[in-house]
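Engineer: Starting from the structure of chain A, add chain B where the hints point.
Chains as they are written, first to last, in the working numbering: chain A, 1 to 431; chain B, 1 to 554.
Wrong hints could be hidden among the right ones.
[What the hints assert, rightly or not] Restricting the straight-line Cα-Cα distance to at most 25 angstroms, the calculated cross-link-like pairs of lysine to aspartate or glutamate (DMTMM-like) are: (1) A:260 x B:347; (2) B:170 x A:26; (3) A:384 x B:195; (4) A:30 x B:50; (5) B:212 x A:396; (6) A:30 x B:472; (7) B:139 x A:26; (8) A:104 x A:167; (9) B:516 x A:26; (10) A:30 x B:88; (11) B:189 x A:379; (12) B:366 x A:305; (13) B:520 x A:55; (14) A:363 x B:347; (15) B:471 x A:26; (16) B:211 x A:396; (17) A:317 x B:365; (18) B:61 x A:107; (19) B:428 x A:313; (20) A:104 x B:354; (21) B:520 x A:67; (22) A:98 x B:50; (23) B:119 x A:328; (24) A:320 x B:380; (25) A:132 x B:202; (26) B:366 x A:340; (27) A:247 x A:305; (28) A:384 x B:202; (29) A:260 x B:354; (30) A:320 x B:365.
[Claimed, not checked] Computed, partial: chain B to chain A, Cβ under 10 angstroms: (31) 78; (32) 193; (33) 308; (34) 349; (35) 451; (36) 453.
Hint data in this document are derived by calculation from the structure and do not stem from the laboratory. Note that the Cβ used here is the ideal one computed from N, Cα and C, for glycine as well.
Single-letter residue listing:
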Amino acid sequence: MSKNLKRVMVIGGGIAGIQASLDLAERGIKVELIEKNACIGGRMAQLDKTFPTNDCSICILAPKLAECSRHPNITLHTLSEVKNLSGQPRNFNVKIFKKARYVKEDECINCGLCIEKCPMRVDDEFDMKLRKRRAIYIDYVQGVPSIMRIDRKNCLLFTKDACRICEKVCEREAIDFDQKDEELELNVGSIIVATGYDIFDPKTLGSLGYGRYPNVVTALEFERLICASGPLDGHLKRPSDKNDPKKLAFINCVGSRDIKNNPYCSSCCCMYTTKEAMIAYEHDNEIDTSIFYIDLRAAGKGFREYIQRGCDDYAIKYIKGKVAKILEDDQKNPLIVYEDITTSQVKQLKFDLVILATSMIPKKDAGNLAKILGIKINDFNFFKANSYQPQISSKEGIFLCGACREPMDIPSSVVDASGAAAKAAEIVMRG
Amino acid sequence: MSDEAIRIGVFICHCGTNIGGVLDIPELTEYTKTLPNVVYSAANLYTCSEVGLSEIRENIKEHNLNRVIVASCSPRTHEPLFRSTCQEAGLNPYLFEMVNIRDQDSWVHMKEPEKGTEKAKDLIRMGVYKAALLESLEKMQVSVIPSAIVIGGGIAGMNAALNLANQNFKVSLIEKDSELGGLLRYLNKVYPTNEDASNLLETRNLVENHKKIDVYKSAVIEKIEGYVGNFKVIILQNKKIIEIEAGAIIVATGAKALSPEGYYNYNGKNIISQLELEGLLKENSINTNNITMIQCVGCRNEERKYCSNICCMTALKNAILLKEQNPDANVTIIFRDLQTQGVAYEEYYRRAREMGILFINYLPEKPPIIKKDHIEVYNEFMNQGIGVPYDLLVLSMPLIANEDSEQLAKMLKVPLEENNFFLEAHVKLRPVDFATDGIFVCGSAHWPADISESISQSNAAASRASTIISKEMLEVEGSTAEINTDLCVGCEACIKICPYSAISRDEETDTVVVNKVVCKGCGVCGASCPQNAITIHHFTSDQITAEIVTYGGG
Numbered sequence: 001m002s003k004n005l006k007r008v009m010v011i012g013g014g015i016a017g018i019q020a021s022l023d024l025a026e027r028g029i030k031v032e033l034i035e036k037n038a039c040i041g042g043r044m045a046q047l048d049k050t051f052p053t054n055d056c057s058i059c060i061l062a063p064k065l066a067e068c069s070r071h072p073n074i075t076l077h078t079l080s081e082v083k084n085l086s087g088q089p090r091n092f093n094v095k096i097f098k099k100a101r102y103v104k105e106d107e108c109i110n111c112g113l114c115i116e117k118c119p120m121r122v123d124d125e126f127d128m129k130l131r132k133r134r135a136i137y138i139d140y141v142q143g144v145p146s147i148m149r150i151d152r153k154n155c156l157l158f159t160k161d162a163c164r165i166c167e168k169v170c171e172r173e174a175i176d177f178d179q180k181d182e183e184l185e186l187n188v189g190s191i192i193v194a195t196g197y198d199i200f201d202p203k204t205l206g207s208l209g210y211g212r213y214p215n216v217v218t219a220l221e222f223e224r225l226i227c228a229s230g231p232l233d234g235h236l237k238r239p240s241d242k243n244d245p246k247k248l249a250f251i252n253c254v255g256s257r258d259i260k261n262n263p264y265c266s267s268c269c270c271m272y273t274t275k276e277a278m279i280a281y282e283h284d285n286e287i288d289t290s291i292f293y294i295d296l297r298a299a300g301k302g303f304r305e306y307i308q309r310g311c312d313d314y315a316i317k318y319i320k321g322k323v324a325k326i327l328e329d330d331q332k333n334p335l336i337v338y339e340d341i342t343t344s345q346v347k348q349l350k351f352d353l354v355i356l357a358t359s360m361i362p363k364k365d366a367g368n369l370a371k372i373l374g375i376k377i378n379d380f381n382f383f384k385a386n387s388y389q390p391q392i393s394s395k396e397g398i399f400l401c402g403a404c405r406e407p408m409d410i411p412s413s414v415v416d417a418s419g420a421a422a423k424a425a426e427i428v429m430r431g
Numbered sequence: 001m002s003d004e005a006i007r008i009g010v011f012i013c014h015c016g017t018n019i020g021g022v023l024d025i026p027e028l029t030e031y032t033k034t035l036p037n038v039v040y041s042a043a044n045l046y047t048c049s050e051v052g053l054s055e056i057r058e059n060i061k062e063h064n065l066n067r068v069i070v071a072s073c074s075p076r077t078h079e080p081l082f083r084s085t086c087q088e089a090g091l092n093p094y095l096f097e098m099v100n101i102r103d104q105d106s107w108v109h110m111k112e113p114e115k116g117t118e119k120a121k122d123l124i125r126m127g128v129y130k131a132a133l134l135e136s137l138e139k140m141q142v143s144v145i146p147s148a149i150v151i152g153g154g155i156a157g158m159n160a161a162l163n164l165a166n167q168n169f170k171v172s173l174i175e176k177d178s179e180l181g182g183l184l185r186y187l188n189k190v191y192p193t194n195e196d197a198s199n200l201l202e203t204r205n206l207v208e209n210h211k212k213i214d215v216y217k218s219a220v221i222e223k224i225e226g227y228v229g230n231f232k233v234i235i236l237q238n239k240k241i242i243e244i245e246a247g248a249i250i251v252a253t254g255a256k257a258l259s260p261e262g263y264y265n266y267n268g269k270n271i272i273s274q275l276e277l278e279g280l281l282k283e284n285s286i287n288t289n290n291i292t293m294i295q296c297v298g299c300r301n302e303e304r305k306y307c308s309n310i311c312c313m314t315a316l317k318n319a320i321l322l323k324e325q326n327p328d329a330n331v332t333i334i335f336r337d338l339q340t341q342g343v344a345y346e347e348y349y350r351r352a353r354e355m356g357i358l359f360i361n362y363l364p365e366k367p368p369i370i371k372k373d374h375i376e377v378y379n380e381f382m383n384q385g386i387g388v389p390y391d392l393l394v395l396s397m398p399l400i401a402n403e404d405s406e407q408l409a410k411m412l413k414v415p416l417e418e419n420n421f422f423l424e425a426h427v428k429l430r431p432v433d434f435a436t437d438g439i440f441v442c443g444s445a446h447w448p449a450d451i452s453e454s455i456s457q458s459n460a461a462a463s464r465a466s467t468i469i470s471k472e473m474l475e476v477e478g479s480t481a482e483i484n485t486d487l488c489v490g491c492e493a494c495i496k497i498c499p500y501s502a503i504s505r506d507e508e509t510d511t512v513v514v515n516k517v518v519c520k521g522c523g524v525c526g527a528s529c530p531q532n533a534i535t536i537h538h539f540t541s542d543q544i545t546a547e548i549v550t551y552g553g554g
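Chain A extracted, bound-state conformation (with noise of 0.2 angstroms):
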């Protein structure tokens, strides 16, 4: 008779993990959360604001942030990742390869002053590369556990064998760069996998001229931008002259429907560019905005009453048609050439401002994740969801997610992990 663990894995600390992890524990059913980065919240944390309420992400996040590292169910496993699987549904190995941190986590209480004294400027990953964090840090300043870390790619002592100035100014000695890297062993029931999404690069997309023209920048980067904790504390400039930008662009289906890039639909893009220019419009009501668009989708509850209030409130400009090409003025303005359909005339317009908004697309070690679980991954590597099941794998007892089995916002992902809940509940509850 095979073992029943009352216990199950989340892979993946975002938005879907958190609530698959928060309803198990709940449920009473105790839950190892594995996060690969140093702290949990995923792309919910990037986001400045949420459509259609425009709340902001962080203020609605936090709490649930707290929750998970407070809740006696939930064991949280930063800079963690899983490196093998074995087993089968209500008793699975699973094998874990935990990062050593540097920062001793009972000791470290995020006080800050190891940052203030770290010599190294690094791009910050967290805010899209567009200021500099140190070499010892946080993710983001709400980050929980809200415990430093150490980079070992660009800490001096690492690098250069010098330095150790975190650790002569930690008061509370957490520092500790004797920690290793460790592999631990859990025992779980069922496997939840939400390991969300990555970001279509569109350098590949030569013609928009993104990473050429300093005004032209992706919508995860416009987030970070308009952000009041973000690189220009809220005040939106333009990367070229930090000048107040007045007309914006956004393009959708950067990446997107698009046969030679990700045949896919992204989803979310045609709600999140109304909610970025509604934002940008509330910053600065002198912002007059355009979104070029193939088919507005917006079919989810009050949305398409949100893209209403787009066009009515917040003179947004939808203009159908796909842009052929970006090119750019001697005053770096970027110009978008498109078709205009009404009159099938090729046309230009100057934008101070343009926002790509690019796919979303697999992980990029999806494929290495799918084969150490064992589960299917689709034509286009998201992991592979039953049809009219969507948490079901292709495995017994492992289940899936939010947006790493296909693009999805939050409101998807957030019932999507509930109903992975269930699913996993299902297992190691029967009778």
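Structural biologist: Relative to chain A, chain B alone:
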């Protein structure tokens, strides 16, 4: 109230540089010591760290503190932590008060630190005056009936019932119709696999044969009573009244298709609805060559502003089936925006285009015009009208809310949105919860949903319900409203305004009463009572007035 002297301890948080980098913390600490009843005041680098928390615990004991204030960030994120810390040190958690000097002070006054410090003094002083008046409150414990009621036996309701039953909970499934299956019964095939809808209908057997599920068919709900953990639903079945008890309720009542009568010369013969086409396809009785479909009929207009979510995929599915049946047929879809989000659906759309199905975009201000044997539609791309011949015209009608939704919503005391779909607690983070605890929603009762979405949501609703019915006891908020019946004139303003439906008139005593289990202490009733007859514990008039007066009001 006890006569014990008030002894307040104040912990001021640097929050690293978040507060400490702006406000003058040593000055605040010294200032706080001068305030009445304050016997201890200290600063912490991070009050919420384990070090900070143990300082709170130690000082409660050492200084015999009977009130604790933390001046730091937002109670939304940290109040539960500090309250439980107080409790661990033997102090009633409601004798804790939080003052927000970060989000509402240091963060907004970064460029004027002196003024920020003065504001923090005001905020802390107000907190101290309020804390002196705080009362101990007890959280109530409620027992929970470990079973669920699912209302609606369509695919969403059946699947929710099945999931909970498989988790070993007892489930009662209530269906008004004489058989289970809902709208799925009328479908021919399902997208995106194009398999027979009857495959999915087999869920019916699993549900009807599950020993943990009681199915009540042809059942009408007469009355719903109770609250989270303890609901009672009274149904009428075969002229018999049956009482069913459960700890949680899932609403899965679905939706119905808008009638095509009166749209685009609908005649039920060669101009039919998409749902009628499903029936014809099931019977395999279509042998026409020119089939045209019009999308967004009766929706995305002034009367019904919303997009019904499922019609584009349904049209694509039937167009593909027609084209497969007869590759020479001309199948045209006249549409506005094609809603095929995601991976599989967009692929399905591409397949339809590759099969030669014709797509013509129309503008709402220039809708298609139906002539005897063709349709005239203006096309923006060509900047001219196009004539599309048809033998069969199919109208894609939206899903609309059931007529009895309103009545059910009233019985459940949960809200509907403007289109009469059920309104969830929070669009973003609580998509299947109601604001009222213990009641959940899934499927097209919430918003037009296809089968995959309905099943996904029904699993989610089952999960949310399981978080309630898996507990033996529930602990509910201690800071609730209380009505002084001597002052109450029975105007019922509070009953109407309460967002949690926690207030009602007690028929027996003819007084207005608050159900403390349901009340969240939000205070809306207190603010709206013309008689000042309502006390909101933990936010009493005395406490708030004390804050205002010491700030400089009064």
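Engineer: All hints are to be evaluated individually against the structure, with a verdict given for each.
Structural biologist: Hint by hint, here is what the structure shows:
{"no.": "1", "hint": "A:260 x B:347", "result": "holds (14 angstroms)"}
{"no.": "2", "hint": "B:170 x A:26", "result": "holds (19 angstroms)"}
{"no.": "3", "hint": "A:384 x B:195", "result": "holds (18 angstroms)"}
{"no.": "4", "hint": "A:30 x B:50", "result": "holds (23 angstroms)"}
{"no.": "5", "hint": "B:212 x A:396", "result": "holds (23 angstroms)"}
{"no.": "6", "hint": "A:30 x B:472", "result": "holds (17 angstroms)"}
{"no.": "7", "hint": "B:139 x A:26", "result": "holds (18 angstroms)"}
{"no.": "8", "hint": "A:104 x A:167", "result": "holds (11 angstroms)"}
{"no.": "9", "hint": "B:516 x A:26", "result": "holds (22 angstroms)"}
{"no.": "10", "hint": "A:30 x B:88", "result": "holds (23 angstroms)"}
{"no.": "11", "hint": "B:189 x A:379", "result": "holds (24 angstroms)"}
{"no.": "12", "hint": "B:366 x A:305", "result": "holds (21 angstroms)"}
{"no.": "13", "hint": "B:520 x A:55", "result": "holds (22 angstroms)"}
{"no.": "14", "hint": "A:363 x B:347", "result": "holds (20 angstroms)"}
{"no.": "15", "hint": "B:471 x A:26", "result": "holds (9 angstroms)"}
{"no.": "16", "hint": "B:211 x A:396", "result": "holds (23 angstroms)"}
{"no.": "17", "hint": "A:317 x B:365", "result": "holds (17 angstroms)"}
{"no.": "18", "hint": "B:61 x A:107", "result": "holds (24 angstroms)"}
{"no.": "19", "hint": "B:428 x A:313", "result": "holds (22 angstroms)"}
{"no.": "20", "hint": "A:104 x B:354", "result": "violated (59 angstroms)"}
{"no.": "21", "hint": "B:520 x A:67", "result": "holds (19 angstroms)"}
{"no.": "22", "hint": "A:98 x B:50", "result": "holds (23 angstroms)"}
{"no.": "23", "hint": "B:119 x A:328", "result": "violated (49 angstroms)"}
{"no.": "24", "hint": "A:320 x B:380", "result": "holds (10 angstroms)"}
{"no.": "25", "hint": "A:132 x B:202", "result": "violated (58 angstroms)"}
{"no.": "26", "hint": "B:366 x A:340", "result": "holds (19 angstroms)"}
{"no.": "27", "hint": "A:247 x A:305", "result": "holds (24 angstroms)"}
{"no.": "28", "hint": "A:384 x B:202", "result": "holds (23 angstroms)"}
{"no.": "29", "hint": "A:260 x B:354", "result": "holds (16 angstroms)"}
{"no.": "30", "hint": "A:320 x B:365", "result": "holds (16 angstroms)"}
{"no.": "31", "hint": "78", "result": "holds (7 angstroms)"}
{"no.": "32", "hint": "193", "result": "holds (5 angstroms)"}
{"no.": "33", "hint": "308", "result": "holds (8 angstroms)"}
{"no.": "34", "hint": "349", "result": "holds (9 angstroms)"}
{"no.": "35", "hint": "451", "result": "holds (6 angstroms)"}
{"no.": "36", "hint": "453", "result": "holds (8 angstroms)"}
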